[in-house]
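Asks: The chain contents come next:
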Amino acid sequence: MMPRVSSGETSSPSAHRLSPLSRVVLIGCALLTVLVAARFAPEGDGSAPADIAHFPTPAGVPDPTDLVPVFSQSWITPPGHTASAHSSAICALPSGDLLAVWYGGSREGGADVALFTARLTGAAGKWTPPVTAIDRAMAQTELDRAIKKVGNAVIFPDRTGCLWMVYVSVSLGGWSGSALNVKTSRDEGHTWGASQRLTLNPFFNLSSLVRNKPIYASDGRIGLPVYHEMALKFPQMLWLTPGPDGTVQDYRIRNLSSESGLIQPALVPLDHDRVLMMLRDRGGDRSLHTAYSDDNGWTWSEAAPSGLPNPDAAIDALRLRDGRILLVYNHAERGRENLRLAISADQGRTWRAGAVLEEAAHHEFSYPNLAEDRRGRIHLTYTWQRERIKHVVFNRAWLDRRLLVHNPLRP
Amino acid sequence: MNRSLVPVLCALIAFAAVWLGLLWCARFKPSRRRRTGKMLVGIAAVLLLFVPAGGLPLWNRAFSFYPNPSLPMLGIVCAALWQRLLGIAVFKPADWRATWIFGALAGTVLYLHPIVLGAVDLYYWGWERDTATWALAGAAAVFLAGGNRLGVLLLAALIGYAVNALESRNGWDYVMDPIYWVISVGVLVQWSLASVFRWSRASIIAPTRRRAASAIVPSRQPWEPKVRAGLGPAADILQPGPDCR
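If you're matching them up, the sequences are chains A and B in order. Under this note's numbering, read the first sequence as residues 1 to 411, first letter to last. Under this note's numbering, read the second sequence as residues 1001 to 1245, first letter to last.
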């Protein structure tokens, strides 16, 4: 009769342990694995970037020919394209074209929502009709899993000319159950490779979202500001190391401020390894917050109120070629009924009021996104009434003319 | 590792888990008997995983929400299935104890530390390849040196991490996942409750009955959980029967 092994009552505990020989062999296997893993480990960098590259537009290079004020506005989405359109992002492509991305469908979070792109070429001077970049069914196929909806996306080029799209998808629940995916394009967004899922959270990989454009380390790494929304809300930095052929060679995520309620970070590279972060406030302060990094975005100070209001709405900021910082935001503690510009000449410490781009009661103007083209013109896209995506272009001459010199915003 | 193999790996884990669950539900004892019945249950598990739900088979749904099953979780399911199918106890009680305690402690630290230690980000260190590799190897070596089979599971996690077997690039995801954590915490809670029952019986009920001296106290009260030393809520699934080998 064989002994019972469930309770260990009929034999000593040592008899149930691994034999000494097995222990030695298995520990040897562990050491061998460590050695092999060290030999063939993919390259990754866990240190702070040595420098930030001002890419794709060089900083501090004023354009002397751009002295005449320029301002124009247009629609990116054609009338009636989709019932709902939201969360646009824009980027300047290496060729000089501009590419915008947004999501649209019957309603936010609907199963029919897709990510669309449109292109503004210098020659045509108008936006091309929207093209579907990815929808729920495509994401489901490419990612080999159930996808309930797709959402926020950003697009940006890397130093090799490869265009990246990082977008949100949800398999379960609402936006706080999001995960991030990467697509890349070798032809400036005409065609896209398959989606790659990023695992950024230990708990079922839930709640990683993206909204704003990245910063670029001089060693090739891309620092993308992302955020977490489930239970605690806080910003994060996703450091991507591009691999060959548009792949993600390595990535890692760093949690930032422990103060809850600050999301959708927008980054502005400053001088001398300094980076400014501006944050949407989902907490009770209803105040736009700022934080600084003195090591190129690796570690950050605690976020502090900037003095500007924030009605729990996305913002974006851009460093101009003359070193000033341009901010676009909703100047209110409640509602998104206006969209306004502000300028800072002292690295975000004080702000001067700029033009009011939109203002109407019971309307929504939100989710602005900024990009600068080769000529130094500033392009702004934003959600108009959750129905369409609007595009505004202006230059620094226009910006300075509309600057309200005697109306500093800082209290 | 080829990324396209990751869903296949997850499908296998789902298959093993469903097979094990069905065997348990059907009250198949851990033994070598009734092989045909167990095989039929296995076929039923395969069929169940391919039932379409919302346009996707069930196994794909499981992968959608649980894309990074840890290697210890895979080992637990396989060991339990082996035990249930053939009656061979791969893991001994001390191994199970170590597995559940490790899962509860490591998972609690990994998942809950941001609430307590907001400024500390332990998950980040899982991105540091050298740190994660040496930590996994060290943990595996400690348990292996003690002769505990949890070390084998940790060694599997280390090897899986070395070959990027999962979708995640974070070393901690190879050794811990939320389901392993929840089961481990559940086992510990059940142990605690069982201890309380044992203590209450020994210190309150038994003396009272001895004083009454009018009845024979059964060895296990009806309200007590059915727990044996070293096992937990998964005990009913995992316990070997009398004819275990």
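Think of the hints as simulated: they come from the structure by calculation, not from any bench. The beta-carbon is built from N, C-alpha and C at its ideal position, and this holds for glycine as well. Honestly, I wouldn't trust all of these hints.
[What the hints assert, rightly or not] Partial selection, computed: residues in chain B whose CB lies under 8 angstroms from chain A: (1) Arg1034; (2) Thr1036; (3) Val1090; (4) Lys1092; (5) His1113; (6) Val1116; (7) Trp1127; (8) Glu1128; (9) Gly1151; (10) Ala1156; (11) Ala1165; (12) Glu1167.
Asks: Which hints, by number, does the structure contradict?
Replies: 1, 2, 3, 5, 6, 10 and 11
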